[in-house]
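A.B. asks: Protein chains in written order, with the working numbering: chain A, 1318 to 1436; chain B, 1318 to 1436; chain C, 1318 to 1436; chain D, 1318 to 1436.
By construction, these hints were calculated from the structure, which means they are not laboratory data.
Some hints could be false.
One copy or any two copies: either way a pair holds, since identical chains are not told apart in the list.
[To be verified] As a list, the in silico BS3-like pairs of lysine-lysine whose alpha-carbon atoms are at most 30 angstroms apart: (1) K1397 <-> K1334; (2) K1322 <-> K1334; (3) K1406 <-> K1334.
What you are looking at is a predicted structure, and each value in this text was computed from that prediction instead of being measured.
In case you want the letters, here they are:
4 protein chains.
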Amino acid sequence: MEIGKNNWAIAEGYIPKESHGKFPELESHETVCMLNAGDSPANVEIMIYFSDREPLGPFHEVVEARRTKHLRFNSLEIPKGKDFASTIKSDVPIVVQHTRLDSRQAENALMTTIAYAQN
Amino acid sequence: MEIGKNNWAIAEGYIPKESHGKFPELESHETVCMLNAGDSPANVEIMIYFSDREPLGPFHEVVEARRTKHLRFNSLEIPKGKDFASTIKSDVPIVVQHTRLDSRQAENALMTTIAYAQN
Amino acid sequence: MEIGKNNWAIAEGYIPKESHGKFPELESHETVCMLNAGDSPANVEIMIYFSDREPLGPFHEVVEARRTKHLRFNSLEIPKGKDFASTIKSDVPIVVQHTRLDSRQAENALMTTIAYAQN
Amino acid sequence: MEIGKNNWAIAEGYIPKESHGKFPELESHETVCMLNAGDSPANVEIMIYFSDREPLGPFHEVVEARRTKHLRFNSLEIPKGKDFASTIKSDVPIVVQHTRLDSRQAENALMTTIAYAQN
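I would like the entire structure built from these sequences, with the hints used as guidance.
C.D. replies: Printed below as a string of structure tokens:
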């Protein structure tokens, strides 16, 4: 089943500096979840945008056919405690969802949204 | 009133292993909420995608006419503590929303989003 | 400025039975936020769907021109602790967003999403 | 890469009066995150809508080319503890996401959604 679009954007992004709780599950993180429900691998390019400097990237990722990849922005070279945003470009249709777990305080907080999609 | 689309996707999915609080309301869970506002039953097929193995399913569900069904992914055979994603395919238009309650820590956290829709 | 659509749906709905904290701000609640940015009043009809019984409604609401209305589902006759869903139908374009504050435990949790839109 | 639309709306808005935790990161806030991934600056006009009075604005903001701007509604003249909503109008395509951090109680809560888009 092929579902999704080729271009996605996430306007929010911020990796808190602090964390509480068990590592790595409860480390503060920002995740881009990508689903490739189709039968060809997805070649993905991620660009990171900042408020005060030129964009970083593209970072190259592959999401294999019929697989999901939940990529923590923490694994890219993004400074902590800085506002950022991202675009995700794929050569085949994918679906992108954005999630943050914030464990700066003793109890974790969560948020999620399907990203903005465009062909 | 008929509203919605036939194909939906949720790129995020993760059922935490731990829970705190009253069972079953405050058990950590991941839910797919389906609304069938039309006058015919919706025959739904759910596929589950992973990062490192072939997809599971389809799981068959029926959402009766003029009814909502909030299905916990916990009720399907999905391993806990593993990243997953899902597609939801219906023979009549439905609306799909994704919610997680995470009670790994003493206080629960929530997140939700309307899923990605496609005809 | 006219923005929005006429038909909206929210597939998730659940008003927790318990609350902690200052009333009414921190009472557990489920809200439908409606924005009418246009110059004519919006006549709105809300239907409530359940998992095991016929829908309730329509409930009639007016959102005046150039106004927002954040309506707590708690103010309608919806039983607590039961899954529900809703459709929102307006005679002029509006924008609808769904929010829950859950204060069942000592610390409150939040979630939000733009609802599903259709003309 | 040009991505996004020119008109956006956020139906939810509420700046809690109280906060806990380190200032300014953990001050209760409501944010509009804007991404301008294109090569021309975005001239943005923000209108704020209330439940019981005429709208406020437009507030003028510029999001430079290839930059993101995470603007706290707290920085505009919006009364705390009051329901509001907003529209965001740009002369070039942008992507808009809405986030709230609520630290009224000891542990913070988060929510986010991509805003409603229209050309």
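A.B. asks: In ascending order, which of the hints set out earlier in this document are inconsistent with the structure?
C.D. replies: 2
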